[in-house]
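Protein chains: 2
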Amino acid sequence: MKNSTYLVIMAGGIGSRFWPLSTVETPKQFLDIVGTGKSLFQQTIDRFKGICPIQNIFVVTSARYSDLALSQCPGLLPENILKEPCMRNTAPCIAYAAWKIMKKNPEARIVVTPSDHMVTDTIEFQRVIRSGLRFITNKNRILTLGIRPSNPSTGYGYIQADAKPERNPEIFKVSAFREKPDLKTAVSYLEQGNYSWNSGLFLWSAATIREAFNRYLPEVAEIFSNASNIYYSNQEQDYINHYFPACPNISIDYSIMEKADNIYTMPCDFGWSDLGTWGSLFDELHKSKEQNVVIGDQVRLIDAEECIVHMPLHKKVVVQGLKNYIVAESSGTLLICNKNEEQRIREFSGYFNK
Amino acid sequence: MKNSTYLVIMAGGIGSRFWPLSTVETPKQFLDIVGTGKSLFQQTIDRFKGICPIQNIFVVTSARYSDLALSQCPGLLPENILKEPCMRNTAPCIAYAAWKIMKKNPEARIVVTPSDHMVTDTIEFQRVIRSGLRFITNKNRILTLGIRPSNPSTGYGYIQADAKPERNPEIFKVSAFREKPDLKTAVSYLEQGNYSWNSGLFLWSAATIREAFNRYLPEVAEIFSNASNIYYSNQEQDYINHYFPACPNISIDYSIMEKADNIYTMPCDFGWSDLGTWGSLFDELHKSKEQNVVIGDQVRLIDAEECIVHMPLHKKVVVQGLKNYIVAESSGTLLICNKNEEQRIREFSGYFNK
Chain F
1 MKNSTYLVIM
11 AGGIGSRFWP
21 LSTVETPKQF
31 LDIVGTGKSL
41 FQQTIDRFKG
51 ICPIQNIFVV
61 TSARYSDLAL
71 SQCPGLLPEN
81 ILKEPCMRNT
91 APCIAYAAWK
101 IMKKNPEARI
111 VVTPSDHMVT
121 DTIEFQRVIR
131 SGLRFITNKN
141 RILTLGIRPS
151 NPSTGYGYIQ
161 ADAKPERNPE
171 IFKVSAFREK
181 PDLKTAVSYL
191 EQGNYSWNSG
201 LFLWSAATIR
211 EAFNRYLPEV
221 AEIFSNASNI
231 YYSNQEQDYI
241 NHYFPACPNI
251 SIDYSIMEKA
261 DNIYTMPCDF
271 GWSDLGTWGS
281 LFDELHKSKE
291 QNVVIGDQVR
301 LIDAEECIVH
311 MPLHKKVVVQ
321 GLKNYIVAES
331 SGTLLICNKN
341 EEQRIREFSG
351 YFNK
Chain Z
355 MKNSTYLVIM
365 AGGIGSRFWP
375 LSTVETPKQF
385 LDIVGTGKSL
395 FQQTIDRFKG
405 ICPIQNIFVV
415 TSARYSDLAL
425 SQCPGLLPEN
435 ILKEPCMRNT
445 APCIAYAAWK
455 IMKKNPEARI
465 VVTPSDHMVT
475 DTIEFQRVIR
485 SGLRFITNKN
495 RILTLGIRPS
505 NPSTGYGYIQ
515 ADAKPERNPE
525 IFKVSAFREK
535 PDLKTAVSYL
545 EQGNYSWNSG
555 LFLWSAATIR
565 EAFNRYLPEV
575 AEIFSNASNI
585 YYSNQEQDYI
595 NHYFPACPNI
605 SIDYSIMEKA
615 DNIYTMPCDF
625 GWSDLGTWGS
635 LFDELHKSKE
645 QNVVIGDQVR
655 LIDAEECIVH
665 MPLHKKVVVQ
675 GLKNYIVAES
685 SGTLLICNKN
695 EEQRIREFSG
705 YFNK
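From first to last, the protein sequence lines stand for chains F and Z.
Using our numbering, the first residue of the first sequence is number 1, and each one after it goes up by one.
Using our numbering, the first residue of the second sequence is number 355, and each one after it goes up by one.
What the hints contain is simulated information worked out from the structure, not anything from laboratory work.
There's no promise every hint is true.
[As the list claims (entries may be wrong)] Derived contacts from chain F toward chain Z, CB cut-off under 10 angstroms, selection only:
| # | residue |
| --- | --- |
| 1 | 317 |
| 2 | 318 |
| 3 | 344 |
Note that the structure is predicted; figures quoted are calculated from it, not measured.
Every residue gets a Cβ at the ideal spot worked out from N, C-alpha and C, and that includes glycine.
The shape of chain F in the complex, shown without the other chains (with noise of 0.2 angstroms):
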């Protein structure tokens, strides 16, 4: 039987906020940012082992970054890397993996999802993406998998769901989406007790998709469906080179998401983690006795405690007498700084961009 699931993995970001391990050269997802040996990008493609084949799976990235997924992940097939040639967020690329998608198989069911997130729970992930597909088989629905707040997280969107579940008992309609809020706010949605995160992660049908670019952003699917004899041609790069940068700079939340009224969410607690930032790296991993983490084999901590050293993995250092600090090194580059201060770390990482 064909398997007509497709895996559409968003991998143009940058993560500056991971500098100096997250470079333009080498973004975030690219790295193996929690020392398992694996890139991001490479356990987001290991996630879906077993739910649909390599050649099923489609990569979203700039083209600065083909040969790079491709280096990491040699199964993929090249004519499924589609290189973006600028950034225009969210709804052109998931527009253009759509149409693509659906001119092999119009049947096809498609998972979204970033490709710099982590989740510890791979089984429960598993479960979780297969009941969503049963939900979006064949039915006109938008699903969007919620995470389960752990806490009234500032740094989240927010998705609202109806109090009443469907018949899936663990699928609720959508009511609306929340913009990152304010600390009051988060800790009422979590006190409701009906919000969860907004984890980027999208299940819907080809057609389903399509019909909604036709509804709520016509000029992007009309760029799509016109190039629908080029696809896997020689001439698509030049033509999504020629009309991609017409794409309106737009993400899927607001330009679909909030608009249509066919849009279902799954609260779930897979273990997941968006790593945002060095703190939010921190929070997932093992820590030590002192609460420290490290990644790196040679690494000596001293009086040290809640600090995060992330060091290349030879790379011989002793870190005497810090207290939730940042310490981490990548290519040459090392970055010191206390943790409360990690917001700052974008604007260091620019003192070497000249």
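Fit chain Z to the known structure of chain F by using the hints.
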């Protein structure tokens, strides 16, 4: 006219307190520890320009560092590099150098100098050396240079001078050598005014020091006296390898200085530092407005005070939020350590020597 001034540079030490810069492979004296582009050994040689020609410079070092010394100063005569097969403190190697130099020139006047100290006022240094050389020429006198103490340091031995100066009013007979004192004693030394730090810089004629060895360390004198036929020959190294280990492991201070009665001292002030620790390097170098010392041209300090950051020249580094820290990298090994804990650095370096 033949130049009868000879220089003996003691370059056999390890300097493990400057780890990770100094290592057994490349000890402190062969490193550009102050960021001038020259190692301390090279600076030591430069300091004697005009005082003696390069063919009069002898270097005493471990056999393992002889190539390093030659590579840092290609003009040195290879036969002038005295290779110790093992460490026997200062007395045996000073005897070796004295007998070997005397074989070449019985009129020799010798300056003995450490190779890992810093001198900032080279003009005053050369004036002192020339004045000292005049004082010992054709006289049976041993002159040791003292450093006028700037503070009651407990890290140095002290030289106690007689109250009454010699005919050269800068020079005094030595009353006693004093071990490293406790703080109270050091304060009293400074109050009394006739104490100076023992710098390890000595001046004497070859004949004088030979006479002192004959009297106070006859077993050492015998070893090097018996060798007079083989200096500068193919048999020299074999002889040394065989007999040098039989020498007692003893310092020149303890074996001769403290016993002889023809010892003089000249209290000096030529911007000397023994650079014994990171803290003393910090004290010596130029500080920014925030009292930071930085070596490396791509180091950015943010909210940092009283730190010493010593990095490979072009390494990109951001240090945020540290006060009173050492941040040092060399040969791919990184140290971050509170300056108050620098006495533990030797312990830290041991972590990686297994």
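Do the hints match the structure? See the list:
Given the 10 angstroms rule on beta carbons, the hint for residue 317 (chain F) holds: about 5 angstroms separates it from the nearest Cβ of chain Z. Evaluation of the residue 318 (chain F) hint against chain Z yields a held restraint, the C-beta minimum of about 4 angstroms falling below 10 angstroms. Given the 10 angstroms rule on beta carbons, the hint for residue 344 (chain F) holds: about 7 angstroms separates it from the nearest Cβ of chain Z.
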